[in-house]
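Chemist: Here are the chains, one letter per residue:
Protein chains: 2
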Amino acid sequence: MEMWYTEKQTPSVSLSLKTAKTLHVEQTDFQHLAMIETEAFGRMLVLDGMVQTSVMDEFVYHEMITHPALYTHQNPKNVLVIGGGDGGTIREIIKHPSVEKATLVEIDGRVIELSKQYLPEIAVALTGNPKVDVRVEDGIKHIQESKDTYDVILVDSTEPVGPAVGLFSQDFYKGIFEALKEDGLMVAQTESPFFNADLITNVNKRLNNIFPHVQTYLASIPTYPSGLWSFTMASKKYKTEDVNTESLYNIDTKYFTLDILKAATRLPKFVQDLVKGD
Amino acid sequence: MEMWYTEKQTPSVSLSLKTAKTLHVEQTDFQHLAMIETEAFGRMLVLDGMVQTSVMDEFVYHEMITHPALYTHQNPKNVLVIGGGDGGTIREIIKHPSVEKATLVEIDGRVIELSKQYLPEIAVALTGNPKVDVRVEDGIKHIQESKDTYDVILVDSTEPVGPAVGLFSQDFYKGIFEALKEDGLMVAQTESPFFNADLITNVNKRLNNIFPHVQTYLASIPTYPSGLWSFTMASKKYKTEDVNTESLYNIDTKYFTLDILKAATRLPKFVQDLVKGD
Chain A
28 MEMWYTEKQT PSVSLSLKTA KTLHVEQTDF QHLAMIETEA FGRMLVLDGM
78 VQTSVMDEFV YHEMITHPAL YTHQNPKNVL VIGGGDGGTI REIIKHPSVE
128 KATLVEIDGR VIELSKQYLP EIAVALTGNP KVDVRVEDGI KHIQESKDTY
178 DVILVDSTEP VGPAVGLFSQ DFYKGIFEAL KEDGLMVAQT ESPFFNADLI
228 TNVNKRLNNI FPHVQTYLAS IPTYPSGLWS FTMASKKYKT EDVNTESLYN
278 IDTKYFTLDI LKAATRLPKF VQDLVKGD
Chain B
28 MEMWYTEKQT PSVSLSLKTA KTLHVEQTDF QHLAMIETEA FGRMLVLDGM
78 VQTSVMDEFV YHEMITHPAL YTHQNPKNVL VIGGGDGGTI REIIKHPSVE
128 KATLVEIDGR VIELSKQYLP EIAVALTGNP KVDVRVEDGI KHIQESKDTY
178 DVILVDSTEP VGPAVGLFSQ DFYKGIFEAL KEDGLMVAQT ESPFFNADLI
228 TNVNKRLNNI FPHVQTYLAS IPTYPSGLWS FTMASKKYKT EDVNTESLYN
278 IDTKYFTLDI LKAATRLPKF VQDLVKGD
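Line by line, the protein sequences are chains A and B. The C-terminal position of the first sequence is numbered 305 in our numbering, with every residue numbered one higher than the one before it. The C-terminal position of the second sequence is numbered 305 in our numbering, with every residue numbered one higher than the one before it.
FYI, nobody ran anything at the bench for these hints, they're computed from the structure. Keep in mind that the hints are not guaranteed to be accurate.
Because identical chains cannot be distinguished in the list, a pair is counted as satisfied if it fits within a single copy or across any two copies.
To be verified - Listed below are the simulated BS3-like cross-link pairs for lysine-lysine, each with C-alpha atoms no more than 25 Å apart in a straight line: (1) K45 <-> K303; (2) K168 <-> K104; (3) K122 <-> K296; (4) K45 <-> K122; (5) K174 <-> K296; (6) K232 <-> K104; (7) K104 <-> K45; (8) K303 <-> K281; (9) K281 <-> K232.
Construct all of the structure, not just a fragment, from the sequences and the given hints.
Modeler: Here it is, written out as C-alpha cells:
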C-alpha cells in the first residue's frame, strides 16, 4: 500500500509526497497539526494542510528569513521572532555573535512541543540556550506591548489564513515599527510571486506607508507552492544594498552566502512589477 | 467531473494540475506527446509525461536559457538551438540585434508542427522570419558535421532519458566545442539542484574537461520539478562575470534583467558544492 500526502497549493495545483509514516496528528487550540515522514523530504510539519517545514529543505527558509536581516543590521543584539514555533529561525539567529537575546513568541505551544519531539535538528536551540527566551503568547499582543525594544523582528508566520491573518495587516506593521529601536528592521515571509501576486503588492504598499526602506527578496523552497518564495524586509535605517560584504564574518550555512545577500534582491522583472504594484 | 494531469517528478514527488481540456495526444516517432490546457498554467506541452513548457511560465525558461549566453558573448551572429522545437528559445534569440541567423535543429518535427498549432505565442518566430532556419534533424549528427561555425549553441533538450540521453555526454560536448567558433560559448539546461544533484556535478566535470570557463546558474520555474532549475554555460573566451552590464542594450523580458545576468550565477552554498563535486 502506498500512502501519499497531497496538498492543494491552489484550487488547481497539488503537490503530492509519498509518505513513509504518519508520526502525529492533532487538532490544537489554533490549527490542525500533523507530523509526517515523507520519502523525498523526510520529517515534515503540516499546519492546516500546508507544509510548514521539512528536515530536507528547511535550511532555505530559515536561513533566508534570518541572515539578510541580521547582516543588514550588522549589530543586532535583541531579536524577536513572531511565530516560528519549530525553532529553525531561532537556531539561525544565534549563529550571529552580536546577538544577546533571541525571543520566540509563538501562539501555539503544541507546535513548539511537537517540534522538539519530532524535529529536534530544527528545534535544537529552543532548549537550554541562555540567550533564547521561548514564550507561548499572541504575537499581535506582544507587539502592541513592546516599544523601542528590538533591533530585528522576524515574522515567521503561516499563510495569511486562520491564526496568521492579522500578521499581514497595516496595524500589525505599525506596531512592529514602534516595537523596533530607531535603527531597527523587520522581515516577513510574503508567499509566492507566482501564486500570491496581490499579497506581495499589498504588503509592499502597507510597509512603504510606514518604513523608509522596503525590499522584497527571493529564495527557492521546493515544498512551498511554485517553489519560489518571497520575503520582504522593511527598515528604518539600514539597507541591504549598502552593506559592505567584504567586511562581514562568515557563518555556517547551506543556502545563504554573502554573495546571495545582494543577489536575492535582484528581482525578476515580473516580481519588480508586483513590488511596484504595476 | 474534474480532470487532473499528474506528473511523477520523482518516484516520491508528484505535481498535479487541474486540466480544462486535452487538446491533442499522439505517439510520435520519438516520444509520447500531449498538448493539454491547465487552469493554473494554461496550454502546455508534455513529452513522455514531463511538462516541457506552459504558456504561463515558459518565459522563465526561454529567457534564461538564451539571454545570459547572448549577453555574455556580446556580439552573437550565428546561433544554434539543439532541441527546443516549441520555438520559445528562437523567439528570444532574435530579440538580440546582432543575430543574423538562428538555426533550430529539432529531431521531432511533430513538436514543431503541434507547437505552431497549439502554442502560437511561443512558436511565433518559427514561421516567416528570414533570420530563422528550422531543420528537422538529429542534433548529435548536426553537431558532428559542424566545425567552427556558431557563436552560441543552446542545448534546449528534454530530460536525460529517451531521445535526449546523448545530449548530456562528454562526446557531445566535445562536438559542440568544435562546432563553436574560437570565441564561442554554449548553454545547456541541467535539471534541478534539489532532485538531480549528480547530473549537475557530472555535467560540470565533463564541461570542465573541455572548456576553460564553466558556470552554472539558476532560475525559478514552477512547473519543473522542485521549482528551481539549473543551466550551465561553457565558454571558450567570454565570462559572465566580466560583462559590463552598464554598456548593454535592453530587451523586452518578463524574468531576465541585466541585474539578473550576474545575480543568477551567485549560487546557494549547496549548489556551489554540487558544481565543485564536493
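Chemist: What hint numbers does the structure not satisfy?
Modeler: 1, 4, 5, 6, 7
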